[in-house]
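Undergrad: So the chains spell out like this:
Protein chains: 2
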Amino acid sequence: MPHPILINGQWIASSATKTFQAVNPATEETLPGEYPVSPWSEIDEMLQVAADTAKEMRGWSGSRFAEFLEAYATEIEARADALVAAAHEETGLPVSPRLKDGELPRTTNQLRQAAEAARTESWRNPVIDTATGIRSILGPIGPVVVFGPNNFPFAFNGIAGGDFAAAIAAGNPVIAKGHSSHPKTTRIFAEAALAAITATNMPAGLVQLVYRTSHEDGYKLVSDSRIGAAGYTGARHTGLKLKAAADAVGKPIYMELSSINPVFVLDGALAERSEALADEFSGSCLMGTGQFCTNPGLVIVPNTGAGQQFVEAVAARFGKASVGTMLSASVQQSFAAGVATIQKAGAKVLAGGTAGGGKGVSFSNTLMTVSGTQFLSDPEIFQTEAFGNGSLIVLADSVEQMAAIAESLEGNLTGCIYSDTTGNDDEAYNVIEPALRTKVGRLLNDKMPTGVAVSPAMNHGGPFPATCHPGFTAVGLPGSAARFAMLQCYDNVRPARLPATLQDSNPAGIWRRVDGKWTTENV
Amino acid sequence: MPHPILINGQWIASSATKTFQAVNPATEETLPGEYPVSPWSEIDEMLQVAADTAKEMRGWSGSRFAEFLEAYATEIEARADALVAAAHEETGLPVSPRLKDGELPRTTNQLRQAAEAARTESWRNPVIDTATGIRSILGPIGPVVVFGPNNFPFAFNGIAGGDFAAAIAAGNPVIAKGHSSHPKTTRIFAEAALAAITATNMPAGLVQLVYRTSHEDGYKLVSDSRIGAAGYTGARHTGLKLKAAADAVGKPIYMELSSINPVFVLDGALAERSEALADEFSGSCLMGTGQFCTNPGLVIVPNTGAGQQFVEAVAARFGKASVGTMLSASVQQSFAAGVATIQKAGAKVLAGGTAGGGKGVSFSNTLMTVSGTQFLSDPEIFQTEAFGNGSLIVLADSVEQMAAIAESLEGNLTGCIYSDTTGNDDEAYNVIEPALRTKVGRLLNDKMPTGVAVSPAMNHGGPFPATCHPGFTAVGLPGSAARFAMLQCYDNVRPARLPATLQDSNPAGIWRRVDGKWTTENV
Numbered sequence: 000m001p002h003p004i005l006i007n008g009q010w011i012a013s014s015a016t017k018t019f020q021a022v023n024p025a026t027e028e029t030l031p032g033e034y035p036v037s038p039w040s041e042i043d044e045m046l047q048v049a050a051d052t053a054k055e056m057r058g059w060s061g062s063r064f065a066e067f068l069e070a071y072a073t074e075i076e077a078r079a080d081a082l083v084a085a086a087h088e089e090t091g092l093p094v095s096p097r098l099k100d101g102e103l104p105r106t107t108n109q110l111r112q113a114a115e116a117a118r119t120e121s122w123r124n125p126v127i128d129t130a131t132g133i134r135s136i137l138g139p140i141g142p143v144v145v146f147g148p149n150n151f152p153f154a155f156n157g158i159a160g161g162d163f164a165a166a167i168a169a170g171n172p173v174i175a176k177g178h179s180s181h182p183k184t185t186r187i188f189a190e191a192a193l194a195a196i197t198a199t200n201m202p203a204g205l206v207q208l209v210y211r212t213s214h215e216d217g218y219k220l221v222s223d224s225r226i227g228a229a230g231y232t233g234a235r236h237t238g239l240k241l242k243a244a245a246d247a248v249g250k251p252i253y254m255e256l257s258s259i260n261p262v263f264v265l266d267g268a269l270a271e272r273s274e275a276l277a278d279e280f281s282g283s284c285l286m287g288t289g290q291f292c293t294n295p296g297l298v299i300v301p302n303t304g305a306g307q308q309f310v311e312a313v314a315a316r317f318g319k320a321s322v323g324t325m326l327s328a329s330v331q332q333s334f335a336a337g338v339a340t341i342q343k344a345g346a347k348v349l350a351g352g353t354a355g356g357g358k359g360v361s362f363s364n365t366l367m368t369v370s371g372t373q374f375l376s377d378p379e380i381f382q383t384e385a386f387g388n389g390s391l392i393v394l395a396d397s398v399e400q401m402a403a404i405a406e407s408l409e410g411n412l413t414g415c416i417y418s419d420t421t422g423n424d425d426e427a428y429n430v431i432e433p434a435l436r437t438k439v440g441r442l443l444n445d446k447m448p449t450g451v452a453v454s455p456a457m458n459h460g461g462p463f464p465a466t467c468h469p470g471f472t473a474v475g476l477p478g479s480a481a482r483f484a485m486l487q488c489y490d491n492v493r494p495a496r497l498p499a500t501l502q503d504s505n506p507a508g509i510w511r512r513v514d515g516k517w518t519t520e521n522v
Numbered sequence: 000m001p002h003p004i005l006i007n008g009q010w011i012a013s014s015a016t017k018t019f020q021a022v023n024p025a026t027e028e029t030l031p032g033e034y035p036v037s038p039w040s041e042i043d044e045m046l047q048v049a050a051d052t053a054k055e056m057r058g059w060s061g062s063r064f065a066e067f068l069e070a071y072a073t074e075i076e077a078r079a080d081a082l083v084a085a086a087h088e089e090t091g092l093p094v095s096p097r098l099k100d101g102e103l104p105r106t107t108n109q110l111r112q113a114a115e116a117a118r119t120e121s122w123r124n125p126v127i128d129t130a131t132g133i134r135s136i137l138g139p140i141g142p143v144v145v146f147g148p149n150n151f152p153f154a155f156n157g158i159a160g161g162d163f164a165a166a167i168a169a170g171n172p173v174i175a176k177g178h179s180s181h182p183k184t185t186r187i188f189a190e191a192a193l194a195a196i197t198a199t200n201m202p203a204g205l206v207q208l209v210y211r212t213s214h215e216d217g218y219k220l221v222s223d224s225r226i227g228a229a230g231y232t233g234a235r236h237t238g239l240k241l242k243a244a245a246d247a248v249g250k251p252i253y254m255e256l257s258s259i260n261p262v263f264v265l266d267g268a269l270a271e272r273s274e275a276l277a278d279e280f281s282g283s284c285l286m287g288t289g290q291f292c293t294n295p296g297l298v299i300v301p302n303t304g305a306g307q308q309f310v311e312a313v314a315a316r317f318g319k320a321s322v323g324t325m326l327s328a329s330v331q332q333s334f335a336a337g338v339a340t341i342q343k344a345g346a347k348v349l350a351g352g353t354a355g356g357g358k359g360v361s362f363s364n365t366l367m368t369v370s371g372t373q374f375l376s377d378p379e380i381f382q383t384e385a386f387g388n389g390s391l392i393v394l395a396d397s398v399e400q401m402a403a404i405a406e407s408l409e410g411n412l413t414g415c416i417y418s419d420t421t422g423n424d425d426e427a428y429n430v431i432e433p434a435l436r437t438k439v440g441r442l443l444n445d446k447m448p449t450g451v452a453v454s455p456a457m458n459h460g461g462p463f464p465a466t467c468h469p470g471f472t473a474v475g476l477p478g479s480a481a482r483f484a485m486l487q488c489y490d491n492v493r494p495a496r497l498p499a500t501l502q503d504s505n506p507a508g509i510w511r512r513v514d515g516k517w518t519t520e521n522v
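If you're matching them up, the sequences are chains A and B in order. Under numbering that gives the first Met the number 0, the residue at position 227 of the first sequence is numbered 226, and the numbers go up by one with no gaps. Under numbering that gives the first Met the number 0, the residue at position 162 of the second sequence is numbered 161, and the numbers go up by one with no gaps.
Calculated directly from the structure, the hints in this document are not laboratory data.
Copies of one chain are not kept apart here, so a pair can be met inside one copy or by any two copies together.
The calculated lysine to aspartate or glutamate pairs, modelled on EDC-like cross-linking and capped at a C-alpha distance of 16 Å, are:
#1 Lys54 with Glu406
#2 Lys516 with Glu115
#3 Lys516 with Asp503
#4 Lys319 with Glu279
#5 Lys347 with Glu311
#6 Lys17 with Glu215
#7 Lys240 with Asp216
#8 Lys240 with Glu215
Model, not experiment: these values are computed from the prediction.
Sequences and hints are given; from them, build the entire structure.
TA: This is how it looks when you write it as structure tokens:
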């Protein structure tokens, strides 16, 4: 008997004929607990509940959603030990500092920031044009389906992470699709969400959970007429099929598909602090066994003595560093395949390159190099994403070649440039930056991309294939909530019939753009 | 020898082997002037020029684009007589008030509002988070391809209309694809644009023009790696193919595909002002021979004596009103096909229903009715868009049935509710409005949807198939410009390297969100 699924506030026995179990990647043992692969009938029921819930919640004030999000954060904290234990077992990620002290507080912090965005309506962009009598505001888009990834069992979980928090902040019900690698973690979140729903008197259909569906049912789900939008973080191949299904019926789908996060290190920076940079890069690249969306997978350094020395220094660190456990056998296989592709294309392996070396599912810390000329001979193949504890260093012959490499890149979440502190690299920076700027969502100076602060100015996004629309961020309120919204305009609508936030009086002091000026005043 | 095309500031002879000519719909005569169907080699050249131009303009201040847009508006005004004459000849639209006094001033006004948005950077949403050192802003997305429609030769022209103005305001070069029905009008705009480019010392590649391509080359164009995004207003069938091509490679494409703009008339409103409403509706529906994106093509009235009287009053007006010239034979054929589909599904024709009746290409003013029950038996077929001087009136049995009809609708640009002025209809309004609200971009009270003010609060958008993303508007600055932007985040970037608009000092007094508060002050 598999674990039940959460439909309309009830834990319902699934009629699934297929089930799955998670595997502990550190021991390679199958974990207890069978979880269902839900048939379409169950998804269909959830969709109907979600659509009814969206109708029920039309016009509700942001504070109701804020109360739920805050209660949920508290319920999560009450289950912290169980969540951390489950996630550790299911993902191999270290308990401390990663899960307990890093990712869990980040997750509850994000839920609380989403509550703040809901309460202050900072995501809604109210615009009032008194001359024409037209007013507009962002409103909920409708039920949101969230597919969480494997690499952040808390902070990006479909039922607790960034997309979830954003969708709820914008006043939408969520159908969460848990990731198959950590169902128990997801189940505990669902229990906490249900407790928070009850505590704050929200509709039972606000949060529903399905553990797994067939691929075909996934395509049906994201293109169903009852949903408003979907969010997906995961593998490019699967993502593109979901995208095609959603696009065909004009349903927005926000995706995070692939990013190798180029880092450019300029001459002066190497001259000034080569050893420190080797430490910083190695630490960033191997952290979490390299399984971050923002992992620096491509480094471009000058093909000089100093550049070659940097490569050797990194290779030595990769060789010495302990090898982490990967999230799953399929992550390890994909990583091995990515490394093999890059190697076959002509890159030289300086460290690692072989399976094993760590506890359980693992692959040695892998460093490869290639010349700038070779990279430019086939930029596509050398941009193959190898998601894990490895990186490719390109030895570039000139600043112009560095800029050409930047121009040859696909869209990425991030791009970094390291330069010296005295201005010697400024000329080179000015050549490379314009090329890099349009290829990445977030541009960094002198800092590795791995950290993604939950800041209103954050952009965790970028041109395709990093995401599927370069105008949006998946992290950082209120921007992330605005993705799950539709623009609602009121033309000549009688004053009493306007949403409270668009009426003349503004007792809550919400920021509104009135006749071109931002203000918290009444009209 | 066909007319040349505009590539990189030069009028270049096309190597086209196919050409086309426009037709005067009022006389049904072919107009002089052959225009080329450009081969891919010419599109490819434009794409390269546009990509190079986008690079050249990186980081340019908004005021440069503002100067161009203002100069362009002036150049258009200098050619007003020629533009009006050409458009009248090519579209059959009346010179006055439509073209000369309405659409042309609207177009230059829109260009000037776009200039204002560029100069004040109101579309850029600068966000500064001093605690984390992260700052972000919208920046140009890259070359934009604009496909203009047939029905607004000025205000939505690919080289002068809303998408064009928005794309330039956001700092992007434009490749305009003129509509085949009015090439001469488009050519005069291109001459004006080129004069403005020269006058303001902008790059020659800022605005380029192709008159026509094969369908296949259109798909290649919107999915080319060198473009940033595309805009398209036109037929749903063609639009969906362009969308599929762009979506497959993650290129944003903004489309306006279809909208029937439902109007609900409640009991009290009919009791209070039935004759006036019949006038108002007939005027709106037949204006411009009904060829507006926001034409009211579906009216829902109570199935009462008053409702039936309203239907008869409208039918009488449709019968008496003069029949306008349609834009082209293909518009007339599509309209006839739409009417036939709706009639075949069971609607009764109360007025019109036959081809001809006006000058040149025309179709009689057509009014159909159907019962609410019948409508709900096949809502899809009764929502067939019949683009032209006609409408379908649904006689609904109850307020609940009206709400069910609202729920059954596809996405639309607009939705209207007419109610009485004393509050008798408020209960019915409160039942229908929530259902209608999520289906339309713009909700109106007591006002026909045909007018689309260029207001910052306007939403000329809506859920699919009205558009392909309900979060954006195609009309109204600064929102329309934000569509052609990417989100650019700066993390730990050295102060002097930030874009001027994100630096601490804010001498231009641009509105920025600093630590959660909107301000024009320095940091």
